[in-house]
Amino acid sequence: DAGVIQSPRHEVTEMGQEVTLRCKPISGHNSLFWYRQTMMRGLELLIYFNNNVPIDDSGMPEDRFSAKMPNASFSTLKIQPSEPRDSAVYFCASSLREKAYEQYFGPGTRLTVT
Amino acid sequence: GNSVTQMEGPVTLSEEAFLTINCTYTATGYPSLFWYVQYPGEGLQLLLKATKADDKGSNKGFEATYRKETTSFHLEKGSVQVSDSAVYFCALSDRNRDDKIIFGKGTRLHILP
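Each protein sequence line maps, in turn, to chains F and X. Sequential numbering of the first sequence, starting at 1, is according to the numbering used here. Sequential numbering of the second sequence, starting at 1, is according to the numbering used here.
Don't read these hints as lab results, they were simulated from the structure. Among the clues, some could well be false.
With a cut-off of at most 20 angstroms between alpha-carbon atoms, the simulated DMTMM-like pairs for lysine to aspartate or glutamate come out as follows [as the list claims (entries may be wrong)]:
no.: 1; chain 1: X; residue 1: K68; chain 2: X; residue 2: E42
no.: 2; chain 1: X; residue 1: K60; chain 2: F; residue 2: E102
no.: 3; chain 1: X; residue 1: K105; chain 2: F; residue 2: E102
no.: 4; chain 1: X; residue 1: K56; chain 2: F; residue 2: E102
no.: 5; chain 1: F; residue 1: K78; chain 2: F; residue 2: E11
no.: 6; chain 1: F; residue 1: K68; chain 2: F; residue 2: D57
All chains should be built: construct the whole structure from the sequences, respecting the hints.
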């Protein structure tokens with residue numbers, strides 16, 4: 001069965017451009033999490049959704065970042081405009097809400113902003 | 001607030017050596033504790049869990065015991081293999097608060113053949 005699917009796997013863009021990262025959670029999962037991983041800051045939770053509703057976006061760095069979940073099978077994380085300090089690996093994870101500790105991570109999107 | 005502290009890496013061991021990765025936590029409630037593992041080029045995956053004091057989580061030869069008196073959840077394996085080379089994350093969650101997982105910074109493990 002398919003796990004969490006993320007696209008693109010790699011993204012290289014220039015400073016100031018808009019970047020959209022996509023995630024398809026595991027079918028039947030009703031919680032979705034977006035994380036950012038860097039060497040300096042480790043793994044950071046950006047935002048999470050329960051039943052497509054954003055619950056906590058306190059980890060979103062600033063207004064340049066936005067996330068949506070229009071339906072149970074799709075979510076996007078958008079950065080506009082992008083900056084070099086946004087370079088990181090972005091992970092999407094999904095879970096059953098009643099087992100939120102057992103999160104299934106996607107392979108990640110490696111973003112490089114030049 | 002809740003937090004997790006784990007030993008800094010990298011940790012380098014020879015194959016068949018005994019492994020310990022230390023983890024301590026701070027929590028105001030009664031958290032559940034976890035170890036996640038990240039293999040090169042992949043996302044994290046749950047390795048083992050313990051939901052209450054004195055529980056022992058185990059999987060793939062790895063073990064960790066929830067010690068409330070020392071607020072610790074150290075990861076151990078009796079004989080490591082090259083395939084165990086990865087980054088290991090200690091984590092906690094408190095369902096009475098929210099659905100978040102608080103991750104440690106990760107410990108990179110290198111196993112030499």
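Going down the list of hints, with the structure as the test:
This hinted pair does not check out: K68(X) and E42(X) have alpha carbons roughly 32 angstroms apart, beyond 20 angstroms. Restraint check for K60(X) and E102(F): satisfied, since their Cα atoms lie roughly 17 angstroms apart, inside the 20 angstroms limit. Under the criterion of a C-alpha separation no larger than 20 angstroms, the hint pairing K105(X) with E102(F) is consistent with the structure, at around 18 angstroms. Restraint check for K56(X) and E102(F): satisfied, since their Cα atoms lie roughly 17 angstroms apart, inside the 20 angstroms limit.
Distance hint between K78(F) and E11(F) is fulfilled; the C-alpha atoms sit about 13 angstroms from each other, no more than 20 angstroms. Between K68(F) and D57(F) the alpha-carbon distance is near 11 angstroms, which keeps this suggested pair within the 20 angstroms criterion.
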